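Asks: Take a look at the letters that make up each chain.
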Amino acid sequence: MRLAKLSLAAILALGVSAFADVENVKFSGEAKLYYDTTDKDPYDLFDQSASRGQAAATLAMSADLADGVAGKIAVTGLSTLGLENNLVSNVWAGAFSRNGNFVGTSSQWWVSEAWLAKTFGNTTLKIGRQELNTPLAFSEKWNIVSNTFDAAVLLNNDLPETTLVGAWVGRGNGAAGQVVYGVENGTDPFDTYAKELGGEGAYAVAAITKLIPMTTAQLWYYNVVQVAQAWWLQADVDLKDALPGLGFGLQYASIDPDAPQADTANAWAVKLSYNMDGLNLAAAYSATDEDGAVPIANTATGLIGSQSKLYTEAWWNYGYVGLPDTNTFMLSAAYTLEGIADLYAQYTSADTGKNNADMNEFTLTASKSFGNLATTLAYIYTDADDQNDGSSYNTVQLYFTYSF
Amino acid sequence: MKPSLLLAALSAFLIADSYVTLDNGKTIHLKDDGTWEEVKVIKKGEREIVLRPDGTWEEIRPESVEGANIITNKVDQRFKDSPLGRALLGHWISEDGREELIFTPNHAILKLRSRNGLKSYAGKWRIEELDEEHKRIKVNIGEGARLGFVTFGGIMRTLRFSDDLHTLYDESDRLSSMRVYRLHKVK
Numbered sequence: 001m002r003l004a005k006l007s008l009a010a011i012l013a014l015g016v017s018a019f020a021d022v023e024n025v026k027f028s029g030e031a032k033l034y035y036d037t038t039d040k041d042p043y044d045l046f047d048q049s050a051s052r053g054q055a056a057a058t059l060a061m062s063a064d065l066a067d068g069v070a071g072k073i074a075v076t077g078l079s080t081l082g083l084e085n086n087l088v089s090n091v092w093a094g095a096f097s098r099n100g101n102f103v104g105t106s107s108q109w110w111v112s113e114a115w116l117a118k119t120f121g122n123t124t125l126k127i128g129r130q131e132l133n134t135p136l137a138f139s140e141k142w143n144i145v146s147n148t149f150d151a152a153v154l155l156n157n158d159l160p161e162t163t164l165v166g167a168w169v170g171r172g173n174g175a176a177g178q179v180v181y182g183v184e185n186g187t188d189p190f191d192t193y194a195k196e197l198g199g200e201g202a203y204a205v206a207a208i209t210k211l212i213p214m215t216t217a218q219l220w221y222y223n224v225v226q227v228a229q230a231w232w233l234q235a236d237v238d239l240k241d242a243l244p245g246l247g248f249g250l251q252y253a254s255i256d257p258d259a260p261q262a263d264t265a266n267a268w269a270v271k272l273s274y275n276m277d278g279l280n281l282a283a284a285y286s287a288t289d290e291d292g293a294v295p296i297a298n299t300a301t302g303l304i305g306s307q308s309k310l311y312t313e314a315w316w317n318y319g320y321v322g323l324p325d326t327n328t329f330m331l332s333a334a335y336t337l338e339g340i341a342d343l344y345a346q347y348t349s350a351d352t353g354k355n356n357a358d359m360n361e362f363t364l365t366a367s368k369s370f371g372n373l374a375t376t377l378a379y380i381y382t383d384a385d386d387q388n389d390g391s392s393y394n395t396v397q398l399y400f401t402y403s404f
Numbered sequence: 405m406k407p408s409l410l411l412a413a414l415s416a417f418l419i420a421d422s423y424v425t426l427d428n429g430k431t432i433h434l435k436d437d438g439t440w441e442e443v444k445v446i447k448k449g450e451r452e453i454v455l456r457p458d459g460t461w462e463e464i465r466p467e468s469v470e471g472a473n474i475i476t477n478k479v480d481q482r483f484k485d486s487p488l489g490r491a492l493l494g495h496w497i498s499e500d501g502r503e504e505l506i507f508t509p510n511h512a513i514l515k516l517r518s519r520n521g522l523k524s525y526a527g528k529w530r531i532e533e534l535d536e537e538h539k540r541i542k543v544n545i546g547e548g549a550r551l552g553f554v555t556f557g558g559i560m561r562t563l564r565f566s567d568d569l570h571t572l573y574d575e576s577d578r579l580s581s582m583r584v585y586r587l588h589k590v591k
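Those protein sequences? They're chains A and B, same order as listed.
Residues in the first sequence are numbered consecutively from 1, following our numbering.
Residues in the second sequence are numbered consecutively from 405, following our numbering.
Check the hints yourself; a few may be wrong.
[Unchecked claim] Here are the simulated EDC-like cross-link-like pairs (lysine to aspartate or glutamate), alpha carbons at most 16 Å apart as the crow flies:
hint, chain 1, residue 1, chain 2, residue 2
1, A, 240, B, 499
2, B, 591, A, 338
3, A, 40, A, 385
4, A, 141, B, 577
5, B, 589, A, 277
6, B, 591, A, 277
7, B, 448, B, 463
8, A, 271, B, 500
9, A, 72, B, 577
10, B, 542, A, 23
11, B, 542, A, 64
Don't read these hints as lab results, they were simulated from the structure.
As the structure is a computational prediction, the values presented were derived from the model and not from experiment.
Excised from the complex, chain B in its bound form (with noise of 0.2 Å):
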């Protein structure tokens, strides 16, 4: 047998007959045949019954619906892990309240106001450069995709954080409007 067969003939077995959870919440039957389809889960009673878009309907064992890895870029992870990273996770405000800017782990939400309007820009976020000797960082909030280098939708901020933390600089229209807001975490 070749070793590419070998493979997907392991690969089958392993995920025969598998229901797995996404982090949208929608439960997926891997079938054995290589495709995929939607279902849903009901529980009755002690039973898990999977109710399948043709109509038909399947018991299985509540272990056999897996919750689903999310893979995450590990560079990204490794600069969320660091100090500086740790250190974005708040709700930071500038003294003037123009410029708002809420990190949670998997989340962030930028407001910008000005007496004409608001502009928001919410989704997950990124860290794509990390200075830690210079206390800045690059962050990437709310892009809608990526392929490679290149992504798609939301907003790059770059942001220098004061010695002791406790300031965050915004530096990202300093080139247009000459302008650094200076935000304090309000939580």
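The following block holds chain A by itself, in its conformation from the complex (with noise of 0.2 Å):
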């Protein structure tokens, strides 16, 4: 039995000169853990019924792979680990399935990416599942997972100091409130993007910039086809000549809905920072159009509760400063106790005019890594008249994220 006499190493060695082409490959991981709690009426912190858990896992893959091409092949799972039994009763991600079925305390998994990237020259093209950051569809990491989305994006670096980005979105797994659908059955939680609203995918090109001295300007737009036309515009100006650390930003988004009887929403923002020696401070404000017919916030989630990239976004409760006819302001701070731990707060007020949905809300949240361990406790109070019969309540919040 020759065969059985080859060593591991042999083994790794045939191993190696088969795939001589691929370098770099590497397996790597997430492990998180989150819980949150509010008192809530009739509750009170930490019962059961008003607390939620879950965990998630996220296994990749990564390669270099011939003739220049990466690759990413990514599977996320979700389990409540039993926490259900004891202490809590919901869930963060995945509660519901396309068909509306509750799947939340089901262990559920998926492919979250898979893809191919080639760069020729100054131009990379990225096909397959993906996450994308644009400023009006792109995948939210607040949860405890994230969306994706099957895609082809193209980045064009010829231009001096300016990307030249071509997109085609063609399905995600974005859900409202829930940022996934849950899988049930094994069945594929992902189609058509924006299929809820009629959608048949979306494209999307934009220009993004620092040929304009101290500024970072990016403009795009969007047609997400038998749905809507959107335009984002964005400039951020480093200031640092009137005073080292300052920056000012400006937004103006406006998403023109295909449907004759739906009115266009537009919105603007403003920003200023300000930045030393760990300390970051902004205070920011937007306003939107009366009688726009959607939100100004992430299209790949729906149209009630996603997150918006507008300066003012508020720290936990999504889906109030992109409303129409709301005024917003907020107020961050952020500081960094060195070797202690990460500080931040926030305070956001949005005035939702005739939606009758104010909203106030405050945010510390503390934050601390220990080697691949980073952990983050967070307090939140809210007071917002659409939640809690018009009553403030308070939720604390547990986030344990494990980078293997």
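Can you join these two chains into the complex? Each is in its own frame, and there are hints to help.
Replies: Right, dumping it as structure tokens:
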């Protein structure tokens, strides 16, 4: 049995020679455990009925393949670990399947990323299931898992200091409130982008440039087929010549629904920021038009409760700042206590006008890493007309993320 | 005598009754029968005594305990000794404080901050690719294990230096978020 005498080293050597064009193969992943509890009436903090908890794990493999092609595949799984038996009564993500059935307590998994990317000179083409980060179609990162897209993205850097972007988005698994649809009996949670709105996928083009001195400017155009056309303009100006660490930002967004009776939604926002020695301060204001038919927010996760890229977005209560007829201001402060913790505080106040859903939120977080384990403790005070019968309530959250 | 037997005999002679302190501080006894066991070495006055797991002890000469030579990848060390590799050492922070990189000769920390929390990678690091002409460097931070070209754990970052080596551009998320972080050395 000559074969049986092959040592592990020899087997590995054979493997290396068989995949000589493959380099930098990396297996990695993340394990997360998120918990939150509120004292919404009639419950107290830490009551099982007012608490949510869930665990998630992502295993990924990335590699540099032959001819300059890079690739990645990632599998994400969700589980309650049985917390619903004693400690919690709800989950963070994947609660309901596309059929509307509750699957939150089932263990579920899906392929969250599977893409190949090839660079030709100054142009890179990335095709497959992937995360996106564009102003009106993006992967939301606040939840225990993120929504992803079946898409093709082309990036070009031939122009100096400028990135040109072309993107086609075919499908996604984004869901309102729960970020991703749950997986029911192994069915694919991905479906046509914006299908709930009658959509047939989306196209986007953009230019991101630093040609204007001290400024990063971006211009995005979207065509969500059969649903809407949208624009996003943003300029972030570094005012360090006036005062080191000082910055100014300006945003304008417009979503024009194809439906003839639906009015165009417009929004603008400004931000002033200051960074110095681990201290980051920001103040922002935004306003939306009175008659917009849709909120100015992520179009990938439905129309209710989606996160917005407006500067004023709340830390926790999404779905307010982008509503029509809404004026919002936001103040935030972040400070790194060297060797102790990262501290963050934010106050958000949204006057939602005719929506009768005014919202005030104050959040305080402390984050600390222990090697590869990152932890965050968050306290949130919420006072919103459309929550808890208009009474304020408190929320405490714990985040554990272990990267391996 | 066959060459293999000669080699085995020679190896046994060379390591007979030797004690080695590993890089994790533990001391092992390399036995002449080809096995090893962990032992404790204590000092009593000028004497050094080995305590074995079976309850026996033995006085040894101090020079009997050697430090283990850690075999490093020569390519990685050559990269680390290059001007770009040396320039990487230090504490780097992005302008908005969202990314932080700390490189010491044998340890690295990457912290990624966002409004929704913190991600952290820490551990040994190595340079996988180095392009002197374009000042690009690909580093592997916090890997847990390596089998040939396959690595387990940690994170890969694609970094580019400015011409004066004072600014570092992290291009790792350019494809997913179209964002390139600009970091400055603070220490």
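Asks: Now, for every hint given, state plainly whether the structure supports it.
Replies: Now the hints, each set against the structure:
1. A:240 with B:499: Judged against 16 Å, a Cα distance of about 11 Å means the pair holds.
2. B:591 with A:338: With a Cα-Cα distance of about 14 Å, the restraint between residue 591 (chain B) and residue 338 (chain A) holds, given a limit of 16 Å.
3. A:40 with A:385: The hint holds at about 13 Å.
4. A:141 with B:577: holds (14 Å)
5. B:589 with A:277: Holds, because 13 Å separates the two Cα atoms, which is no more than 16 Å.
6. B:591 with A:277: Status holds; Cα separation ~13 Å.
7. B:448 with B:463: The given pair, whose Cα atoms are some 10 Å apart, holds under the 16 Å limit.
8. A:271 with B:500: holds (14 Å)
9. A:72 with B:577: Roughly 13 Å between the alpha carbons, so the hint for residue 72 (chain A) and residue 577 (chain B) holds.
10. B:542 with A:23: OK: residue 542 (chain B) and residue 23 (chain A) at ~12 Å, within 16 Å.
11. B:542 with A:64: holds (12 Å)
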